[in-house]
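Engineer: One letter stands for each residue in the lines below.
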Amino acid sequence: MDAGTILGAFVGFSCVAIAIFMHGKPTDFLDLPGALVAFGGSFSALFIFFPARSVLSAFGMVKSCVFEKLPDPSTEIRRLTELALVARRDGLLALEERLAEIHDPFLDRGLEMVIDGLPREKIEERLQIELQCIEERHAVGKKMFDQLGASLPAFGMVGTLIGLIQMLHELDDPSNIGAGMAVALVTTFYGALAANLVFLPLAGKLEHRGKEETLLRELMIQGIVALAEGDAPRAVESRLKPFLDPKTHLPLAA
Amino acid sequence: MDAGTILGAFVGFSCVAIAIFMHGKPTDFLDLPGALVAFGGSFSALFIFFPARSVLSAFGMVKSCVFEKLPDPSTEIRRLTELALVARRDGLLALEERLAEIHDPFLDRGLEMVIDGLPREKIEERLQIELQCIEERHAVGKKMFDQLGASLPAFGMVGTLIGLIQMLHELDDPSNIGAGMAVALVTTFYGALAANLVFLPLAGKLEHRGKEETLLRELMIQGIVALAEGDAPRAVESRLKPFLDPKTHLPLAA
Amino acid sequence: MDAGTILGAFVGFSCVAIAIFMHGKPTDFLDLPGALVAFGGSFSALFIFFPARSVLSAFGMVKSCVFEKLPDPSTEIRRLTELALVARRDGLLALEERLAEIHDPFLDRGLEMVIDGLPREKIEERLQIELQCIEERHAVGKKMFDQLGASLPAFGMVGTLIGLIQMLHELDDPSNIGAGMAVALVTTFYGALAANLVFLPLAGKLEHRGKEETLLRELMIQGIVALAEGDAPRAVESRLKPFLDPKTHLPLAA
Amino acid sequence: MDAGTILGAFVGFSCVAIAIFMHGKPTDFLDLPGALVAFGGSFSALFIFFPARSVLSAFGMVKSCVFEKLPDPSTEIRRLTELALVARRDGLLALEERLAEIHDPFLDRGLEMVIDGLPREKIEERLQIELQCIEERHAVGKKMFDQLGASLPAFGMVGTLIGLIQMLHELDDPSNIGAGMAVALVTTFYGALAANLVFLPLAGKLEHRGKEETLLRELMIQGIVALAEGDAPRAVESRLKPFLDPKTHLPLAA
Amino acid sequence: MDAGTILGAFVGFSCVAIAIFMHGKPTDFLDLPGALVAFGGSFSALFIFFPARSVLSAFGMVKSCVFEKLPDPSTEIRRLTELALVARRDGLLALEERLAEIHDPFLDRGLEMVIDGLPREKIEERLQIELQCIEERHAVGKKMFDQLGASLPAFGMVGTLIGLIQMLHELDDPSNIGAGMAVALVTTFYGALAANLVFLPLAGKLEHRGKEETLLRELMIQGIVALAEGDAPRAVESRLKPFLDPKTHLPLAA
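Protein chains in written order, with my numbering: chain A, 327 to 580; chain B, 327 to 580; chain C, 327 to 580; chain D, 327 to 580; chain E, 327 to 580.
The shape of chain A in the complex, shown without the other chains:
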């Protein structure tokens, strides 16, 4: 679970909530029609903009991004070095028993190809294609959240315009002006808050996670190829070490 995201969202919304509670009634900030326009409008536009499949997969990506931690590159290196040891000692087929312990589908698929004895060029090519797809999904996800970050304030303004137009037609009763305008502004508030506290930051998060995952997958591809070529455990380790952060890397090299 990504503590930064959870904490950031919690503290951010708390700051807003405190500002609301310190003065006036929180119910002043609830407005169903406004929420319908701001959120309903933005998400509907998203389904015109992107294929429905991509929209759903982007939300799945955010979930995995926040609640699942990527394995540490050094853990992954240790695992691959271990597998190289098994393969050296007991042969490639012995890897099959280990497959059950591996819950990462990418690594799993790679190892299966090694066990099936596919040539290493073939293995690398297929995994690279799969990696490209993962990268593209991340890019589409980032674009989608950037798009939400742009359209939420716009639909917020649309909702406020609706409220203002309705309020201006009822000016006869001056006691309603304030409340009417307040309700109209709530929609802009929804759009601006959701865009700036949720969707634009998530677009950044997805971009960063995409880079991290790409690095990890490339490490895995190199490790799997090393297994397919029958590298010794030490050779596997020294082949994968450059993927580590130099800070972590230098002490290892000493």
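Incorrect hints may have been included.
In this list, chains with the same sequence are indistinguishable; a pair is considered to hold if it fits within one copy or across any two.
Distance condition first, Cα-Cα at most 27 Å in a straight line; then the derived DSS-like pairs of lysine-lysine [as the list claims (entries may be wrong)]:
| hint | residue 1 | residue 2 |
| --- | --- | --- |
| 1 | Lys-395 | Lys-537 |
| 2 | Lys-469 | Lys-395 |
| 3 | Lys-448 | Lys-395 |
| 4 | Lys-395 | Lys-567 |
| 5 | Lys-389 | Lys-469 |
| 6 | Lys-448 | Lys-567 |
| 7 | Lys-469 | Lys-537 |
If you're looking for bench data, these hints aren't it; they were derived computationally from the structure. These figures come from a predicted structure and were not determined experimentally.
Start from chain A and add chains B, C, D and E according to the hints.
Structural biologist: Relative to the frame of chain A, chains B, C, D and E by itself:
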């Protein structure tokens, strides 16, 4: 028919309609001069910006994008493999009878060149040029809808300025202020809604469709070239498989 | 004459005019000091931004863009094929008599170099340099109109600020507030309308015209080089055909 | 002196001044605290953004840009051809007497290296490095004025917010509202006017001047290298001619 | 300590403070809930956008950027030339005694590798990787401050919306309108001031510092490699001189 687009537009407009109907009269949101300025202005500007021919073709593209489904790549592979079988068994000329069943003009033109016995370099070159034109049309279409998405809010504001200026000259009668300002704001509402719920999302849709069609056309070019070279049906199939999504692709490869 | 531009501008301004005439007096939309600030300011800034020579040439480009039609590529191919026939039959010097009929200075200059017997590399190089200059002028023209499209709304706002500040100092007489504010807003209206209905679309038009002219000039360069190399008329024709739109091209090839 | 810049600024400010004088008192547009916030704030931010040295050099560049004319390329070609004649007739050392007449430090430094007999690769390399620095300075200058063009309206708004907040706390005396708000708006007026009439156009001017100077310096480098190689005057001239505008160039070539 | 940054910030805030003190009470500009929304919101969003580690490191970079001066390239050249003299005279191991005087960890690590006798390719490769990490950290830092510069005004607006909505629900007591609106506007003031006077300029500062540090580190890498290759002090000096500003460089070369 693209369900996402239809549904997205339907739900989006419903959200806005509900917000309007829940409070006040819907007729408050009708304003003919405002619509004239917002839509008339934006579309007029479009005809200065782009050649008239491109504007019309862009709207045709949107229609085909929403109401016509692109054939599935795997269906197309099956069709081309079948044609390869026919060509192998009964000769290239036997393809002629099949032409009537093919309603895609691009594939049709390609097959005719194969039947006419044109050299494969010539066939590939001509189809590539045609594909470039298709891609450019998609790019111009996307640019046009992005342009509308930028000029609609601008003309909405122009309309609102007109309404405000007129209203401000009639301040003597204070009972008109509210209604005058409401009418003025309707134009901004039109511009913002049309841009964010229709034209900007359609620009995204066209971009995505363009990528999809390019992939499909490249698959077709490879298939047609394979036919021209007299490939066996199996060879055609394995040549076209890499165009499939790896998700679909991997089980096929097993 | 480019019908799209003329019609677009006419319909666009009519929409705005109708909205103005349907309600209130059109004189409410006339404000000399406002026009001074919006247009005087924007155009003055343009002369700081770009060299005076470029500014004037850009307006000349728009004029030629709207009132002069580029010759059709197929007409140009026919003309060059004809000239090739003349050169073949009567020798290069016979082309001299035809020069009087050619009103295009670019083609004219090219043919003169052919008649003078310059080597083809020299001819091509000089025409390419001239083409580069034409392209750069179009790019500067587009940038200038984009710049006007950005500074007109800004100066419109400057004018409105001036009007508001003046009006706010005369609040003692409340009957003037409305009219004062209306006059102030007219400048914003000028800036927004001129930018969105005239200058931004013209920037797009110049860009498109630039692409079209580049294509035509490249066709001419190929044709002139073919003449210099003494190609047969048929060879000239088949050399220039790929410059045609594939739609027009394919029937020709049949 | 660059007439376009001087005239542009003069006409632009005159338009604004006329609009101000035609109605109301010009003193309404003076506000010291507002000027402090808009200009003081923007220029202070500039010293955080860029190193102090770059800020000062950028203003020097604008001065030289407006008040010093770059020598004409054809004048420069004539001068270099003349120097080649001197070098041919009286030897490289005879150039030394001419140095006093040359007030351009770049050309001066180049000629000194020629007289000192440095190898031409060395001369070219050093002058290219110096040219790169000149180009980078122009790029930083442009960026700085673009930055001012963005931060001036922002600080204008900050000043207006200060004025509005102060005015809103004194609402008890309604006769002050108008004047208070007018004063508040003056800061926005300062920011918008300075950005759009001065700094953004100057950013464009610097960019254009940078391109022009680069071309001139490259011409000089070629000329100096030609001198170092002992080219004949005619050879120097024909080597430098391609740097001329083709319009000027073509008649020369005839 | 970077005088420009300190002075820029001091003068900038003074200008704003003077404008505030010249008229009205400074306490009108204090608003705790507003500060919570503007700053709390923006910084919370930052922790969703970027990994927590990067956020903290970016603030450390700003501190070092403002309070620590980078060594002068010419000082660094002198130091490396001196070390080359020591290495020549007393052998590489004699460098070990000098390590204590060197407080730069990058140079330190490089020299240690030289003393350990690592091959120069290895040394260069490792230092280049470390340099890449430094550059990336600077790029992330710049992006982070640009992000703050965009989200602070947005959260300022969110805070103002909260204040406006609360104030509009209490319109019954007209004497509160002014103060309520003033308080609401304070948040926008916070966001705009912090973004334009602090965070956007700091983004520029980080970018510039990043370039400077990259140059210095590359100079160090070259110097360390020269040491590893056993270059003579003079050779080290002439190898590093091109890293100097040509202005400083040219007199040295004379």
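Engineer: Have a look at Lys-448 and Lys-395 and pick one of within, between, both or neither, based on CA distance no larger than 27 Å.
Structural biologist: neither (30 Å within a copy, 34 Å between copies)
Engineer: When Cα atoms must be at most 27 Å apart, do Lys-469 and Lys-537 count as within-copy, between-copy, both, or neither?
Structural biologist: Result: close both inside a copy and across copies, 15 Å intra and 16 Å inter.
Engineer: Is it within a copy, between copies, both, or neither that the alpha carbon of Lys-469 lies no farther than 27 Å from that of Lys-395?
Structural biologist: both (22 Å within a copy, 24 Å between copies)
Engineer: For Lys-395 vs Lys-567, is the C-alpha pair at or below 27 Å within one copy, between two copies, both, or neither?
Structural biologist: Close inside one copy (21 Å), not across copies (34 Å); limit 27 Å.
Engineer: At most 27 Å between alpha carbons: which applies to Lys-395 and Lys-537, within, between, both or neither?
Structural biologist: Close inside one copy (14 Å), not across copies (32 Å); limit 27 Å.
Engineer: How would you label the pair Lys-448, Lys-567 (within, between, both, or neither) given a Cα cut-off of 27 Å?
Structural biologist: For Lys-448 and Lys-567, the Cα distance is within 27 Å both inside one copy (24 Å) and across copies (14 Å).
Engineer: If the cut is 27 Å between Cα atoms, do Lys-389 and Lys-469 qualify within a copy, between copies, both or neither?
Structural biologist: both (17 Å within a copy, 25 Å between copies)
This entry does not satisfy hint 3, going by the numbered hints stated previously; all others are met.
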